[in-house]
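Below are the chains, spelled out letter by letter.
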Amino acid sequence: MVATTHEPGLKHAHFRTAGLPAMLLLPQLLILLFFFFIPSIRALFQAFLLADPFGATVHFVWFDNFTALFASESYRNSVWVTIWFTLAQNVVTIVVALVLAFATDRVVRFQSAYKGVILLPYAIAPVIAGVMWAFLFNPAVGPIAFFIKSLGIAWDPNRNGSDAMLLVVLAASWKHICYDYIFLVAGLLAIPGSLMEAAAVDGAGPVRRFAQIALPLLGPTLFFLTTMNFVYGFFETFAIIDAVTRGGPAGATNILVYKVYQDGFINLDLGSSAAQSVLLMAFALLLTLLQFKYIERKVNYSI
Amino acid sequence: MVERSPILTAICHLILIGGIILVCMPLYFAFIAGSLTMEEVQQVPMPWLPGGHFLENIATAWTKVDFGQLLVNSLIVAVGITIGKVAISLLSAFAITYFRFRFRILAFWLIFTSLMLPVEVRIVPTYEAVANAALPIQWLIDLLNIQGLWEWISGNRIEIALEWNMLNTYQGLILPLIASASATFLFRQFFLTVPEELLEAARLDGASAMRFFWTILLPLSRSNIIALSIILFLYGWNQYLWPLLFTTDKDMATAVIGVKHLIPRSDTEPAWNVAMSAALLAMLPPVLVVLVMQRWFVRGLVDSSK
Chain A
4 MVATTHEPGL KHAHFRTAGL PAMLLLPQLL ILLFFFFIPS IRALFQAFLL ADPFGATVHF
64 VWFDNFTALF ASESYRNSVW VTIWFTLAQN VVTIVVALVL AFATDRVVRF QSAYKGVILL
124 PYAIAPVIAG VMWAFLFNPA VGPIAFFIKS LGIAWDPNRN GSDAMLLVVL AASWKHICYD
184 YIFLVAGLLA IPGSLMEAAA VDGAGPVRRF AQIALPLLGP TLFFLTTMNF VYGFFETFAI
244 IDAVTRGGPA GATNILVYKV YQDGFINLDL GSSAAQSVLL MAFALLLTLL QFKYIERKVN
304 YSI
Chain B
145 MVERSPILTA ICHLILIGGI ILVCMPLYFA FIAGSLTMEE VQQVPMPWLP GGHFLENIAT
205 AWTKVDFGQL LVNSLIVAVG ITIGKVAISL LSAFAITYFR FRFRILAFWL IFTSLMLPVE
265 VRIVPTYEAV ANAALPIQWL IDLLNIQGLW EWISGNRIEI ALEWNMLNTY QGLILPLIAS
325 ASATFLFRQF FLTVPEELLE AARLDGASAM RFFWTILLPL SRSNIIALSI ILFLYGWNQY
385 LWPLLFTTDK DMATAVIGVK HLIPRSDTEP AWNVAMSAAL LAMLPPVLVV LVMQRWFVRG
445 LVDSSK
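Residue numbers (this note's numbering), protein chains in the order written: chain A, 4 to 306; chain B, 145 to 450.
Chain B extracted, bound-state conformation:
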């Protein structure tokens, strides 16, 4: 700071307090609503202080949509996406920075183009791909008209129908989301800053490529991996569109989807108290992660957007 100006500093504190109120107000009211009974939550105006029914409402949510199972699902999906993304990005970044091979630039661009298209814009065909992952092969068969060919050769008519359904499975929730151009680039940028001498020294000592990766590159990338993992965990936990489409089975939904099912609509009983307590519970793990690991989180966010 260049000069002292107590008035401006006071104004800045006021602005920041305003910001905090803005952030906390929805959370505070969600907490109040989550701790009231259904009759109390419908009072107009609503009480301004929390009641004592929070655990009761959680229990209702627990039985109503099997919330415990949903939290477990969220955890599996979020951790699966995090590990999957980090693993495949590390490997492909290693391949494109440390190896000279013919299709290096092509591989680089193939990964890079995926950065351009968010999942949300190709909802329907991706859904089809997950509903039946064998579909691409089926298209190929149809395109080449293998059925007609076989009929022509042998005179018998056959139907080829391949099916590999990933709906309502963990892999269906995880796999489509783990390709990641941005994570690959984060690691690529980092690998480019690793001193050249390390590989030369490792070579002299007779280390193979994978040995270099495991014993030198991976430990060096530790802090990058941690920072990125936090961002990816939040990303995985807060996924909405995918789980919404891919989990027709209620037991395979995630916590965030569970909250959505608890929102009162005009034709249901107005159980806002249950919905709000479940909302708070579903946001607790990612919020704790951000609070406890704030510094890592900021670093991961800034790095992964570069």
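Chain A extracted, bound-state conformation:
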């Protein structure tokens, strides 16, 4: 029963039963319907509704929730906080991961031991990573806070916004460096040895080879990792923020995802929370499209 016309993503030898594939797909599609499509559409609806605090009356308000959002000081603050947070986290993560990957590529002894330890944070829950860093930098009991203060520098992430930001960036990066590291080590390993040897014969030293051959060849990987770091910073650092600062002090670390949660579950402003969700969804969509771009580029890249 070989197909005459070839459909993409379908095996040449395949079945033509109609009922069975429907049964096979049913569990996945039901879960998606209940916990993905319906909630997403509902968020879209809610974003255009305004309910009074007791939920008794609901009005359709067009884009009022969105305009209120853009006008609100706290939302604009949250946008800036998110941008700074993800950018700083991205830079720290990529730079440290690159340096570590470069070093790992050059050593032979203990290589797998080094890798094993550096990968550990991946296994640790973000909230636990947050708790540990919150403890280290706790102004009352934290050993590192003590060290900073003994240098004569004022340190209090509970009161000072930039201290708090620094702390969440450190905690978030610590948790995510291992992810970038794995991909960069794999990327460096995939670079053909002949390229490096040719460059060495031409007199390029190890650092120059890294900068002028390895880095450009790692380009697609770096692009992919940057996108993934943004996804991580935007959507997966909720637990770190909740454990370390709870968005404070005075909104200094109130990233967008945390604000959705706060407005939806603590301030019970559903319309605004839904409008924020819709904007975040649009952004997530954008990041996914960027990821596709990576897949395309990867195809071109394979020589």
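Please note: incorrect hints may appear among the correct ones.
To be verified - If you want a taste of the chain B side facing chain A, the calculated C-beta under 7 Å gives, among others: (1) Leu152; (2) Met190; (3) Leu235; (4) Tyr242; (5) Phe245; (6) Val434.
Unchecked claim - Simulated restraints, written as ranges between beta carbons of each label pair: (7) Asp205(A) - Ile227(B): 49 to 59 Å; (8) Ala351(B) - Gly12(A): 19 to 29 Å; (9) Phe40(A) - Ala154(B): 52 to 62 Å; (10) Trp192(B) - Ala74(A): 47 to 57 Å; (11) Leu290(A) - Lys208(B): 35 to 45 Å.
Hint data in this document are derived by calculation from the structure and do not stem from the laboratory.
Virtual Cβ for every residue (Gly too), placed ideally from N, Cα, C.
Fit chain B to the supplied structure of chain A, relying on the hints for placement.
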């Protein structure tokens, strides 16, 4: 390596040792704090060597938030998510690569779109969906105005209120997280590389579709399943936002949430020692998994992000 340069190699070792210190420092201090008494942990500066009260602190955590139960919950949720995701992804990948049917491309895209939206962006409506899974049907009833219709027909007024509450249940913690586009795609990619001859041969021997799936495709996918399962186990164990919202009942929380409840806030006693010992205990199972199965773990991570 192209040339020998002992100095650079030494520098690289130093860099890596620096990386290891960076990774281990929070863990080391967490261990010290977890092994001290509450008075000792508040000393400034804190001792640099562990004390002897680790088990004592664990015992305190055990009674304070019923940590044993929380670890059991974490295990159930993590294993449930892993098995659920692997199972539904395998089945749907099998359906979209091995069957020709009318809505194949549509099904493919429906699953694919879910890749685009992380759970975190639609917190509130998904919470509503889990708080009452019958709600979508209720919306439908309201939308069609069935109540008004009935009143018009029979003259009696009725209230239709459906409820199926999944808060504080294992299924509420597991089900919303098991749909997975990335796992489906991982298996799809793998199935596409399976030689065509296998199905043709199985057909000649008279095997049905499901028989082919069970006796040929599933055994072939074993290594993919293992690698993916590790990643999914870590994902399930380390979930935070879902359990936080869905478990108002303290006995249904997970270990990670338990640690969060133990963090001292300004108005509670500063029991950092208990919080840290619990944190170490809660991270132990996933850390062991990564250490013991490092090679599988790296493979699963790289594969599932493609």
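For each hint, the structure was consulted:
1. Leu152: 6 Å, holds
2. Met190: Status holds, d = 5 Å.
3. Leu235: Hint holds; leucine 235(B) Cβ to chain A Cβ min 4 Å, cut 7 Å.
4. Tyr242: Holds - the Cβ of tyrosine 242(B) comes within 7 Å of chain A, reaching about 5 Å at its closest.
5. Phe245: Holds. Min distance 5 Å.
6. Val434: 4 Å, holds
7. Asp205(A) - Ile227(B): 49 to 59 Å: 54 Å, holds
8. Ala351(B) - Gly12(A): 19 to 29 Å: 23 Å, holds
9. Phe40(A) - Ala154(B): 52 to 62 Å: Since phenylalanine 40(A) and alanine 154(B) have Cβ atoms about 57 Å apart, the given range 52 to 62 Å holds.
10. Trp192(B) - Ala74(A): 47 to 57 Å: The hinted range 47 to 57 Å holds for tryptophan 192(B) and alanine 74(A), with Cβ atoms some 52 Å apart.
11. Leu290(A) - Lys208(B): 35 to 45 Å: At roughly 40 Å between Cβ atoms, lysine 208(B) and leucine 290(A) fall inside 35 to 45 Å, so the hint holds.
When held up to the earlier numbered hints, the structure conflicts with none and fits them all.
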